[in-house]
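Peer 1: Each chain is listed here by its residues.
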Amino acid sequence: MTRIALGALLSHWRRRPGQLATLLLGLALATALWSAVQAINSEARASYDEAAGALGLSGYDRLERPGGAPLSTGEFVALRRAGWLVSPVLEGRLRAAGGPPVALTGLDLLSAPPGALPPGLTAVGGDTDPADLFTAPGTLFAAPALAERLAEVQGLPPVQAVAGLAADQAVTDIGTAQRLLGRAGEISHLLVLPAQPLGRPPLAEIAPGLTRVAAESAGDIAQLTRSFHLNLTAFGLLSFGVGLFISHGAIGLAFEQRRPTIRTLRALGVPQGRLFALLIAETALMALVAGALGLALGYALAGLLLPDVAATLRGLYGAPVAGELTLRPAWAAAGLAMALTGAALASAQTFTRLSAMPLLASARPRAWATVSTRALNRQALAGALLLALGLAAPSLADGLIAGFALLAGLLLGAALVLPRVLAALLALGARGARTPLAQWFWADARQQLPGLSLALMALLLALAANIGVSTMVNSFRLTFVGWLDQRLAADLYVDTANAAETEALTVWAATAGIDLLPRASVETRLDGRPGSLEGLIDHPLYRATWPLLTSAPGAWEALAAGDAVLVNEQLAYGGSLGLGDPVALGEDWVLPIAGIYADYGNPRPQAFVALDTLTARFPGTPVRDAGLIAPEGETGAELAARLVAETPLDRAAMIDQSAVKALSLRVFERTFAVTAALNVLTLSVAAVAILTALLTLAGLRLPQLAPVWAIGVPRARLARLDLLRALMLAALTFAVALPLGIVTAWALLDVVNVEAFGWRLPMYLFPWDWVLLLALSLVAAGLAGLWPARRLARTAPSTFLKVFADER
Amino acid sequence: MNVDWTTARRAPRAAMWTRRAALAAGAAALAAPALPQGFAGLGTGADGFALPDRATRLTFPADHGAHPAFRIEWWYLTANLTGADGRPYGLQWTLFRSALRPPSEVETRVGGGRGWESPQLWLAHAGLTTPDRHFAAERFARGGIGQAGVVADPFSAWIDEWEMAGDGFDRLTVGAAAPDFAYALALEASGPLVFQGDRGYSVKSPEGQASHYYSQPFLRGTGTLTLPDGPVQVSGEAWIDREWSSAPLAETQDGWDWISLHLDSGEKLMGFRLRDRVGPPFTSATHVTRDGVATPYGNGALTMSPRATSQVAGRTVPTGWAVRLPAHGIDVDLDAVNPTAWMDLSISYWEGPVRISGSHGGRGYLEMTGYTPD
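The listed protein sequences derive, respectively, from chains U and V.
Read in the numbering used here, the first sequence has 108 at position 108, and its numbers run on one by one without any break.
Read in the numbering used here, the second sequence has 1144 at position 144, and its numbers run on one by one without any break.
Hints listed in this document are in silico derivations from the structure and should not be mistaken for laboratory results.
For every residue, glycine included, the Cβ atom is placed at its ideal position computed from N, Cα and C.
Keep in mind that a hint or two might mislead.
Heads up, incomplete: computed chain V residues facing chain U, CB under 7 Å, no partners named [said to hold, decoys possible]:
{"no.": "1", "residue": "Arg1101"}
{"no.": "2", "residue": "Pro1102"}
{"no.": "3", "residue": "Arg1114"}
{"no.": "4", "residue": "Glu1117"}
{"no.": "5", "residue": "Pro1119"}
{"no.": "6", "residue": "Phe1140"}
{"no.": "7", "residue": "Gly1146"}
{"no.": "8", "residue": "Asp1160"}
{"no.": "9", "residue": "Glu1161"}
{"no.": "10", "residue": "Ala1165"}
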C-alpha cells in the first residue's frame, strides 16, 4: 500500500515537471547562495586557523630597533650563531616606471617560516631554478596585474605572477631586495621563529639594542575581519530567505493540487501517519537533490567570488586568505542541512494544514487563503514590533551585532508590515474605482495578496537591500573621491632613494622656487597598537585642503610647534579617543590630539606630527618622500619632466596625482566587488520568486476568473489586467522599499560601517539609481507576469467552462 | 690502497655518489619551499664547476675546508656512544654545501661569494638516537654572510650555532641543538686519515665522474647529550666522511642501504647495497685495517640481506641485517639500536646506530633511503 500511495503522490510531479523544476530551483538557489557565502567564510576561517601559529609576517614576534632604524646583516648572523632562530625581513618601496611605487618585501627564503611566505608563493611551479631565486638578478613575485606591469619595467629582475599577494606588493629574496632598494646589508626587522633550540643565551646578551615585539595574535585578525564575514553571512541569509519563498510557493501549490489525491488515498484507508511519513520522505528527497544541486552551484559561485574576497581581506585587513577554494565536508554537510531545514520551513504550513484536514474534506482548492484583515493586522503588528526592536537595538547594545540587529529588525519588520500596507493601498485604489471592471480589478488584487505576499516580501527585501547597499557604496565612493582630491593636493610625489637624492631635490626645489612638502615615516606603537607615525612640515596647503573631521582651534599651529598630534579616525575610534586626549606615540612620548582626519582604506592606526619633532625623537629617520606643488599652468607630468632633466632623479621615482588616484580607486572598486555581485544575485532570486508565485496563483485563480470571463470579459483583456496587476504590485512594493532602503543605507553607513571599518561616512542619495531600479523591478515583474498572462490568454474556453461543470 | 672503481658498473657507482649528493642538492631544493622541483636544476650538468683531478694531492689543513668551486661537498659525522650505565646512543652531525652556480673568479677569491646573493647554500642535519627515542633537526643557511661555512685553519664548520671545530681532524668538538635535544662532544683521532680511491681521488664511472674523498674513521670521543629527561654523559667512537665533487646527479635508484662499522677488532668496514628497480642489488665495500690501510671491493664481495623489518613512519624498513665480507672473514648480524630512527626532515630517511654480533662484535651506523610508505 505504501508503494501505491507513494506512486500516487509522486505521479503529481511527473505530470507537472515545471512545478518540480520550480521547487528544485528555489531550494537549489537558496542553498547555492547560502553555501557560497559559507564556503567563502569557512575558507577564510581555515586560512586564519592555518595561520594561527604562522600568521603571515605579523604572526611572529619581531626583533626590532626602537625607533625603526634598520638592523644589519651582522646582527642577524650574530643572533643565528648564538642559537636564536630569527629570519630577516627588509621592507621598502620600489620605484617602477608606469605606476606608483611598489611595496617590496625581502624575505630570507631559506630561513623564513613557511607560514610567513605569502599564500600562493608555495604554488609556484618548478620552472624556477634556485639559482634564479638566490643569486642576481633574482626573481620578483607579485600579483598577476602588478607582475604584468613590472615585467615591462627596465632594470628589474624577472617577475613571476602568484595569486595571493596584495595588489601593490612584491616579494623577493632579501638579497635581491637589498640590491633593488639600494640598501645593502640592511634589515628592517627580524621574525622570531616559534620553535627555538635549547641552550640559547638571553637576547640582552646577544643584541642588547633590540627589542622584542609580540606578534599580532590570530584573534586580532579574526576580530578585525569578523564584521566582514558577518556582512557576507547576512547577505547569505537574506538570499536563503528569498530562495525559501520560492520553495514555499511550490510546495504549497503541490499540496493544493494534490488535495484530491490525498483525500482519495485517505478514503482508501491510508492512515494519516503513513501519508505524513511519505510526504516527509518526498520533501526530504527533494531537499537532498536540490541541496546537492545548490552545493554544486554554490561551490562554483564561491570559486568565482573568492579571489575578490581574498584580495579585499588582504588589502583591507592584511588577513591572509588563499585565493583557492577547497571542498570541505563540514561545509557540504551544513549546506545540505540548510536545504533540509529550508524544505521543512517551506512545507511546515502544508503539514499543518494536512493534519487539520478532515478525512472527507472538499477537494476544492481554497484559493490558498481567504483575505482576512485581522490576520493581516496581526502580522503587521508583529512587523511593527520588530521594527521598534530593531530601531531600539543600537541604544540597547553596542557593536556590530547591534548594527545587524537594527538591519534585521528593519528589514523583517518592514516585510511583515508590507501586506497590510499593500492592502491599505489597494483599498484606497478600490475607493477610486468607478466601473465594475475596475472595482473587480482592485478587489481581485486584494484577493490575490495573500498568495503573492511572500513573493512581494522577498522583492521588498531584495530591493531594500539593493538600495541600501548601493547607496552605501556610492556614498562611500563619492566621499572617497572627494577625500582623495583633497588629500592628494600636491601635483607630484617624489620618492628619493637616499639622502643625496633628497638633498638634490631640496636644492632644486629651492632654486626653481617650487614648494616642497617633505615627509618622513616611522613604524611605532600608537596608543599601544602598531601603526605608522608620519612627520610633515607646516605649509598653507595643508591648512587649506586637509580634510579634518574635527579639530581643536589652532590645531595646525599646535601641530607645527610640536605640541600636538593629528590622528586618523581608526586610531581615535579604536582607542575611544577624542580631541584633547593624550595619545602615546611610542615609548615615553605622549601628545594631545588636536585633530582627527579621515583615512579611508587604511585599517591601521596612523598619526601626524611636525617633521622636525619626528626626526628629533627618532634620529636618523630618513626623509624619503616629498610632494611638489607645480607652479600655475604647469601639470604634474610637466614638472616631472623638468625634474628628470635637471636633477639626477629618475622618472620612476615620481608619480603624479592622477596615477595615485587611479590606483586608489581600483583598490576601492575591488573592495566592493563581492557586495555588488551578491546584490545582483539576490535581486535575481526575488524575480524568480515572483514568477513562481504568479504561476502558482494562475492555476488557482481559474474559479475566480471564470465568472468574469462568463460575464463577457475577453481572455486577452483578463490577461492584460493580470499583467497590469503584477506591475502595479511591484511598483507599490518599490514605493515601500525605497524609504526602507534609505533607512538601511543610513544603518549601514552610520552604524555598521563604523563598527566594521572604523570610519563614519556622510550619506548621499542617488535618485537616478532608484529610477533605474524601479524600471528593473517593473521589467522583472512584467516578465514574471507575462508568462502566466499568456497562459491565461490561451486558456481554452472549455477549461473555463469546466469550473462551472465539475469539481475538478 | 688502489681503488678499483672502474671494474664496477657505472650506474650503481653514480647512484652511490647520489646518496649524499642528493642530500647536498637538497639544500637548494628544500631551502626554498617555493620550489619543489628546484632539484632538477642541479642535475643538469657540471658546466663551469671545477672537476676532480687525479693529479690533485690532498693537502691539510687546507682540504678540511670548503671547495666552493665544486658543486657539492659534505662533512658527515656519525658516532656510536655509550652512557655510564651501558646504554647505547647514536648521533649524527652533517653539513652539506651546495653551489647554485659556479662562483665567479672574484667570488672564488673570497671563499665562494660574499653577501646574501652568494651562490653557496648550506644544509645541516642533526640526529640523536637512544634505545627508545629518536630526534632529528635541520638547518638551512647561505654562505657569503657568515651564517654558515667552513674554514680550514683553525678548522671550523658551522651553521648557526651548530659547529664542528678543532685542530685539524685530530682533535674536534662538535655540537648541535634543537628545541627537544642537544649534544656536545669532544673527539680525538686514534688513527690516520683514510684516503678513498687513488690517494683521495675516487672514480665513480668510466666516463670520469669522480670525487675527492677521504675519511677519519678512528675518532674516539666523550661528551654530553641533552635529552628531555636530563643530561647524559657518554663516550664512544665516531667516523667522519669528507667528499666533494661536481658530478651531476644520476637518475635516482630505488634507494640504498649504507653501513659504517666499527668492529671490536679495530677494523672498520664501509659498505652499501643499491636496490635496483629491475636487477639484483649491487654491493660495494671498503675494508680498513686497524692501521688505516683501505681495500675496496666491487660488486658481490659484500653481501647484505635483510633479516628483520620494522614499521617506521608508515613504511616497512629492514632494521636487522646479515652482512658478509668473506675476504676478511666477516660474517655479522646488524640490529638497530632503535628501529624507529627515522629522520623526519625535508628529505626523510632512516639513519641510526646498530649493534654488531657474529664473527665480530662491535657497533656502527646504518643509513637507508628510498623506502616508500606502504
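Peer 1: Would you mind marking each hint as holding or not holding in the structure?
Peer 2: We went through each hint and held it up to the structure:
1. Of the supplied interface hints, the one on Arg1101(V) holds, with its beta-carbon coming within about 5 Å of a beta-carbon of chain U, less than 7 Å.
2. Annotation: interface hint on Pro1102(V) violated; nearest CB of chain U at approximately 10 Å, more than 7 Å.
3. At a threshold of 7 Å, the smallest CB-CB gap from Arg1114(V) to chain U is about 10 Å, leaving the interface hint violated.
4. The beta carbon of Glu1117(V) comes within 4 Å of a beta carbon in chain U, closer than 7 Å, and the hint placing it at the interface holds.
5. For Pro1119(V), the suggested interface contact is upheld, since its CB lies about 5 Å from the closest CB of chain U, less than 7 Å.
6. Evaluation of the Phe1140(V) hint against chain U yields a held restraint, the C-beta minimum of about 4 Å falling below 7 Å.
7. Checking Gly1146(V) against chain U: minimum C-beta separation of about 5 Å stays under 7 Å; hint holds.
8. Checking Asp1160(V) against chain U by beta carbon gives a least distance of about 5 Å; that is within 7 Å, so the hint holds.
9. About 4 Å separates the beta-carbon of Glu1161(V) from the nearest beta-carbon of chain U, less than 7 Å, and the hint is met.
10. At a threshold of 7 Å, the smallest CB-CB gap from Ala1165(V) to chain U is about 12 Å, leaving the interface hint violated.
In summary, the structure is inconsistent with hints 2, 3, 10 from the numbered list given earlier, while agreeing with the others.
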